[in-house]
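Those protein sequences? They're chains A and C, same order as listed. Following my numbering, the numbering of the first sequence begins with 882 at its first residue and continues without gaps. Following my numbering, the numbering of the second sequence begins with 85 at its first residue and continues without gaps.
Take the hints with a grain of salt, since some may be wrong.
[Unchecked claim] Restricting the straight-line Cα-Cα distance to at most 20 Å, the calculated cross-link-like pairs of lysine to aspartate or glutamate (DMTMM-like) are:
{"#": "1", "chain 1": "C", "residue 1": "K86", "chain 2": "A", "residue 2": "D976"}
{"#": "2", "chain 1": "C", "residue 1": "K86", "chain 2": "A", "residue 2": "E1010"}
{"#": "3", "chain 1": "A", "residue 1": "K889", "chain 2": "A", "residue 2": "D976"}
Calculated directly from the structure, the hints in this document are not laboratory data. Quantities reported herein were computed from a predicted structural model and do not represent experimental measurements.
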Amino acid sequence: VTIEEALKGAAPQVLGALCRRYGRFDACEDAVQEALIAAAAQWPADGVPENPPGWLFTVAARRLADRWRSEEARRNRERTAALAARDEPAAPDADDTLTLLFMCCHPALSAPSQIALTLRAVGGLTTAEIAGAFLVPEATMAQRISRAKQSIKAAGAEFGLPPEPERNERLRAVLHVLYLIFNEGYTATSGPDLQRADLTREAIRLTRELRRLLPGDGEVAGLLALMLLTDARRPARTRPDGGLVPLAEQDRSLWDAGAIREGVELVEQTLAGARLGPYQLQAAIAAVHAEAPRAEETDWPQILALYGLLERLGANPMVTLNHAVALAMVHGPEAGLELLATLDGDERMARHHRLPAVRAHLLEMAGDVEPARAAYREAARRTTSLPEQRYLEARAARLATSSR
Amino acid sequence: MKYMLLIYHNPGFLESFSEDEMNAVMQEVGEIMGELEASGEWVGGEALADMSQTKVVRVHDGAPAVTDGPFVEAKEHLAGYCIIEAETPERALEIAARWPDARWNGIELRPIMDTSGTEM
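All chains should be built: construct the whole structure from the sequences, respecting the hints.
Dropping the structure here:
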């Protein structure tokens, strides 16, 4: 266990134990952050203490005592005396991590705030690390986190699991936040973004932890499988210069076979038992891709069937886009283009680059060179991603030379 | 998504304000910046020096040639910029509309490209 792993693993248990004892999530969370920073400075020199959570708990409790002593000297004299007397190692409680995840994904918070707070309170990352991963100044991220904690407080949330009827919906929010963290890291391509790639590892670690806590939930397993199967492609999805390599052109020998094995196994287990959900279906689709030794051997009819199921669970334009690709691969580009046309009036896609990008691919498949090139260019103008723009411009340019 | 707010001025624009008016504008800007800092949406921003401090560098045959600004025909010029991170395009528009310059020369709002990308 590295120092970093010891710190991050201990962070939620220490925070949970502090919250259970003293309440005041916001102050406890600050104190744990300070203890983590102190540990990161001291442990490399002094060695990892015998009981890392105990060390962190003691330091964090002292910080809390110091703060309360200076902030509210009179009001809390008794409490601080009690604090100092009861400095003792934390008793870990597995449920604390779940409680913390639910708190960090409180519906009163915006998605960026949920993400930042989850990474800090549950992931044990420092504000500086989170700021670096999201390419904003540390002060900006610190404000986002402190504002998030104020909102939780204002919403009257206590440290504890949400009431039973809300729990399922809150779990969906947690899964969505973990998915967003994963994506933020996965889409990083090169250079200054390398730091962001750690977010992928972090999301997988937290989802694994969640699966340990909720082994019977099919969607938790589905999300973990989806992450593993998607991340398995990482070594093949970009060129060394940061250029994007589409799925069909990836060197599959670079895919991470271990991650694929684990992901496929998870998919098989959950599809056999649990109630179907969107993450399980997306994982199943990723598994079909992962199991094709060559792009030409992809089982598109099966993928098409899975997209059909996914659309039945809840139609959304991004699913329709991918559905159209699968349809084109099974029944020809015209069938795919026909389905795409149903998105033309959709306001959610009106300025989105994925619609013209998919249309361009299907037009290219159909041999409609000029319209394909125009659609690639349209998509390139709309995207705000540099690597995507470069890829789309390159596809357009390739068509221009081939048609001459 | 990060956005850049580009603030344009005309020559003589700043001089057209009285001291009180200028103080009021500065206070207004200070308030907005304070709010954006508190909400974690402020990423950065600076005002640019007067146009008369501008230099233009061009390389001809490998040799840099430097000319001074401003230019006689200069009209609108970039006077400053802010970078914000907004959760939705609507929120970015709302912030831009709050900037006092939106009432004068308008604010140009441009999404900033990022270096991440999804599999196509």
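Could you grab the alpha-carbon distance between K86(C) and D976(A) and see if it respects the 20 Å cut-off?
violated (36 Å)
Given the proposed pairing of K889(A) with D976(A), does the C-alpha separation stay at or below 20 Å?
holds (17 Å)
Straight-line alpha-carbon gap K86(C) to E1010(A), limit 20 Å:
holds (19 Å)
Hint compliance for this structure: hint 1 is the single one not met.
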